[in-house]
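Undergrad: Using the hints, position chain G against chain A.
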Amino acid sequence: MRISLTYRVILSAFVIGLALIYSLPTFLGDENPLQSFLPNKQVKLGLDLKGGMSLTLGVDMDKALSNSLGQMGENLRVQAKDEDIVIIRPRVVGNDRLRFFLLDADKADQLERIIERNFNQELSVQNRESMGQKRLQYTLAMTEEHRKELREMTLDQALKVMRNRINEFGVSEPDIRKMKGNRIQVQLPGLENTKRAVELVKQTAHLEFKLVKEEVDPKKAVQGQTPPGTEVFYFSGQGPDSKNPKPIVLNKQPLMTGQHIADASVAFNRYNQPYVSVTFDDQGARIFERVTGNHVNERMAIVLDNKVYSAPTIQEKIRGGRASITGKFSDKEAHDLAIVLRAGSLPAPVNVLHERSVGPSLGQQSIQQGVTALAVGGLLVLIFAVVYYGIGGLIVDLLLGFNMLIIIAVLAGFGATLTLPGIAGIILLVGTAMDASVLIFERIREELRRDMSPAKAVDEGFTRSSLTIMDANVTTILAALILYQFGTGPIRGFAVTLSIGTLASMFTAIFVSRAFFELWVKRKRPGSSLKL
Amino acid sequence: MGLQIIKPHTAIDFMSRRKVAALISGIVILLGLAGIIYQGGLKFGIDFAGGINVQVKFDRDIDVGELNGVLEGAGLPDLRAQRFGQSGKHQYLLRIPSGTYAPEEVRSTIQKQLNQELEADYSIQRLEMVGPKVGEDLKNKAMQALFYAVLLISIYISGRFEQKWGVAGVMAGGLLGGLYVLQLIGLPVGYLALAALIITVGMCWYLRLNYALGAVAALVHDIVITVCILTLLGKDFELSTVAALLTIMGYSLNDTIVNFDRVRENLRVKSPPHLGEVINRSINQMLSRTLITSGTTLLVVLSLVILGGGVIHDFALALLIGVIVGTYSSIYIAGSLLLGIGPTPESEDSGETEGSGA
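As they're listed, the protein sequences go chains A and G. My numbering puts the first residue of the first sequence at 1, with every later residue one more than the last. My numbering puts the first residue of the second sequence at 1, with every later residue one more than the last.
Isolated chain G, as found in the complex:
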């Protein structure tokens, strides 16, 4: 009765294509970084940069150029209009990238101008003002969130992947110690997140936590590529983007954990074949699960992107990209890296991993 997309004895040779995969990832990252540098850094939305967004809905379609022309007379020099949400709903977002205007004054100014100059019914659906102080706070909070995510996830995977919670303790100690010193120097929290990442990679390398290293690499890969693609699509970096990135972190790790568990299980036989073959076989064994889970997740996220409306669109889009990249990376990036550095040497107490692989 049940259907099978992936036949039980599928044997796709993923690992032989890992150089192509690395090339693709490399190109996307380079393009994205070039885009970010070209823009002069990440393009922050009003959450972080401060400013005012006003969402207006008209009863008919209005040319963006015409709308901008009309609003020019409002005396708000930075104001720019753009289309927003599903077409056919005639919604526009008016953006002022600075938080120094009083929001209610901006509202009445816009209302006055639209009433006078435009023959169309409209309603102001949403207004959001973020003052510079709050923007700064939110930026700080977002950085802290990323920082703690890196910290907690590093500690978790170093324990989880290696099945050695003592090592996780060492990892936590090393991380917290290193970060404490850096904090004393007065490093801003954004750099602390970066430092936590570097310390994690360094300690994984030093302690030969190779599964963890592969997972962290895949994670960083996913985040960087998602940010790159969003930049190339001209999207702003908002608080919701950070939320999407954190979710993607969790999702990407989830995939990697499942695949690596299988690798470890397959390595535990009497005379395991060549590592590349084991990784290939493991990925193939998990392929139908990977594709189904990613597939259903893609279905729902795609329906959110298409049907969810303008307010949630960018968040959903970031999730969509993250899910695709996360699936790809757990097959290619994490696996390739593991193949490059070899699995974590199994110690005598590895018996406790019994029964964990799915």
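Next up, chain A with everything else stripped away, as it sits in the complex:
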């Protein structure tokens, strides 16, 4: 690499200047006099340093598929009924197939035409089996394309709902993204009330209004004697495992679901108890008016995520599209319930697969400990370099400083995240970055011992070590790249600082330090010796 000294100096100065500009905002903090001149970017801290919560949620796709199949079965039943075809007991078997009976086998062709017309993309007939008495048992499966489409839709929908909920919850800079394997990652920096956040994100919030079957005795129903079309539910907080279980028998088919909710808010009754007031959109209001009108003097249960909150008697047809959900809520619970109802229900249940939460005090402690380790280790190395190499050592120290600047600047400039292992990477780098300079210096010393002139020794030293330095660092960069590819969260931060730092140290050692040395040698009187 024969590059003229001037060019070398200009490029070095340019890179270092740029690094300074981009790293300064991080050092100076939010309020600084240079704010208007400097780029508006600081190093982003990872959750392990800032405190906060990271959740990986798995969307229950089996459930989503089976829900959707169930819905299609019901739709098919209604459509068939319109054409005087009776199919009974549509049900989902094994999560992925829809099974029902056709009463009149003569109408099989007609039924299949309906299926082909209305569910061409979604369903395919897998099997039809004669059950005698002109009965046919049908087994339908979801097509592969529709299954794929449904999975994507479900994931997107879940993502959207979670975004809405979290935005309303009020966390600054949340990060919510899709991940492979039907997963969603939610990162909430600075969050402290983790329990509330988990409930907010996890709650399916599937709201249904169902008719109470007064004529069925809940006690008998619990023992398994449920008439067709009904199901046993429990009141919220009084489930089958609780001390005082309170079962109630409801119609399976809901009168209405929560999909028509326009707004939900917290209100207080005269005893100052919070409840959630729900407002429906126009269509919802019409449906609500109709179903309440049809069932005056009957009881309608308000069911949220399969738990009954209340089951008031309908006094009269309810106009205006309003309903209220009462229960033993705390203010916060009512507030969060209003949020989830407003943001819409999740298309399928979700499970927490991974959770990591770090309190802000630990984050602070980690930063402090990391910086202390960096300061102590770094100082030892700086002192060692000067003791060992004299003025050359000062150059090494300067280079180390430049490396730090470049790492910070690149992290800030590209919006990469600094984690605790990331700090460890920087610390490690302070130790290994010396290596390149050591290789060069030891070589220069060797050449000097062979009575080479200082200028020639510097030239030889740099030329002969450059390739080794690059080679030796390639392995580190390879390792860092692999870590970046396969590591998660904090470990990725390590890979990032390690690779940026390794590249930076190569640049400063081979390029910047050479400029320094050549300047230094040039200023010496000819004939004087180079002490290293």
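Just so you know, the hints here were simulated from the structure itself, not pulled from any lab data. Built from N, CA and C at the ideal position, the CB exists for glycine as well. Where hints are given, some of them may not hold.
In the DSS-like style, the derived pairs of lysine-lysine whose C-alpha atoms are separated by at most 30 Å in a straight line are [to be verified]: (1) A/K50 <-> G/K139; (2) G/K139 <-> A/K195; (3) G/K141 <-> A/K178; (4) A/K41 <-> A/K160; (5) A/K202 <-> A/K160; (6) A/K178 <-> G/K133; (7) G/K133 <-> A/K50; (8) A/K195 <-> G/K89; (9) A/K219 <-> A/K246; (10) A/K220 <-> A/K246; (11) G/K141 <-> A/K180; (12) A/K246 <-> G/K112; (13) A/K195 <-> A/K160; (14) A/K178 <-> G/K139; (15) A/K63 <-> G/K139; (16) G/K57 <-> A/K195; (17) G/K112 <-> G/K57; (18) G/K133 <-> A/K160; (19) A/K50 <-> G/K235; (20) A/K195 <-> G/K133.
FRET-style restraints, in silico, Cβ to Cβ [as the list claims (entries may be wrong)]: (21) A/N164 <-> G/D121: 34 to 42 Å; (22) G/I341 <-> A/R523: 48 to 56 Å; (23) G/G234 <-> A/N272: 50 to 58 Å.
TA: Positioned in the frame of chain A, the structure of chain G alone reads:
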């Protein structure tokens, strides 16, 4: 002005002590393997095995036995407490080695129990739950990382050490071909990593890539010994351990590359002396560089182990062990092996190595 730790004409006879070195390495490896077998395999942390870790900080010191006693009433049968981080910070790690509990329930259960039964102020500093599915995924990812590390590094060093990138191409072809076949059989990725290693060694042997062989041997030596020592110290095998191992791989190779470059340079004179002597001289010439680099690296890693805090401690410890072992192996193990099998025969086109040695 400058100081010199290693005098220019130092001539330590490293190679004559290579049998002692081999013995030491052998003993550590045997002990470590015995430890691993005694444990019934590697002890995985929650990253891989799944489970819940809760880090709690108290305002005063609490006996671990007392803490365990208090937590016994929480109804979490597998929960165990242990001290964590620097002493004086009164931090404890509560571990549940199974991922089937809901993390927020565990949090409130622990809080309730501590509030009721223990007169001390505390804060839950950190909670991490890894479900079994995610644990399985992470294990898989770690294996993949090791696999690709072996693959890429093998290809790189077979080209780099031998200065013959055509050979590296053959190596890559052989590796990928062999692995493709193995993958078709359905070998899990962990074994694929092992297979990649065996194929690499085999091909180095067959193609007489002796420098590469020495480097790979040193690398495997470092990884195995580090894992052994960590096991003997009773440390869990975590995702961060794998990260440390990969870093150590890079570091160990770095040392070996520098030393071998010098060996090759010293062999290229008109009538080179006996190989053992050349290796000795090369290692001595590079000794001050090796010691300085390892020394500064040790300084910083040690300061990380001592001052960096509990969260990063095990990662730093793995690095520390790796750096020490890596330095030792690049002097003894890689050199010894090279002495045993001889350098790669130089072909006519070796002129392209000009100017590479430092």
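Undergrad: Take a look at whether the Cβ-Cβ distance between G/I341 and A/R523 falls inside 48 to 56 Å.
TA: For A/R523 against G/I341, whose Cβ atoms are near 50 Å apart, the range 48 to 56 Å holds.
Undergrad: Below or equal to 30 Å on CA atoms is what counts here, so check A/K246 against G/K112.
TA: Status holds; Cα separation ~27 Å.
Undergrad: Are G/K133 and A/K160 close enough, with their CA atoms no more than 30 Å apart?
TA: holds, 24 Å
Undergrad: Check whether the Cα positions of A/K178 and G/K133 lie no farther apart than 30 Å.
TA: With a Cα-Cα distance of about 17 Å, the restraint between A/K178 and G/K133 holds, given a limit of 30 Å.
Undergrad: Check the hint pairing A/K220 with A/K246 against an upper bound of 30 Å on the C-alpha distance.
TA: holds, 13 Å
Undergrad: Regarding G/G234 and A/N272, is the given constraint of 50 to 58 Å on their beta-carbon distance met?
TA: Given about 57 Å between the Cβ atoms, the range holds.
Undergrad: Is 34 to 42 Å respected by the C-beta to C-beta distance linking A/N164 and G/D121?
TA: holds, 38 Å
Undergrad: Is G/K133 within 30 Å of A/K50, Cα to Cα?
TA: Given pair G/K133, A/K50 holds - Cα atoms ~27 Å apart, limit 30 Å.
Undergrad: With a cut-off of 30 Å on the C-alpha distance, tell me whether G/K139 and A/K195 pass.
TA: Satisfied, since the Cα-Cα distance of roughly 28 Å is no more than 30 Å.
Undergrad: Is A/K202 within 30 Å of A/K160, Cα to Cα?
TA: holds, 13 Å
Undergrad: Quick one, are A/K219 and A/K246 close enough, alpha carbons at most 30 Å?
TA: holds, 9 Å
Undergrad: Does G/K235 lie within 30 Å of A/K50 when you go C-alpha to C-alpha?
TA: With Cα atoms ~27 Å apart, A/K50 and G/K235 stay inside 30 Å; holds.
Hint compliance for this structure: every hint is met.
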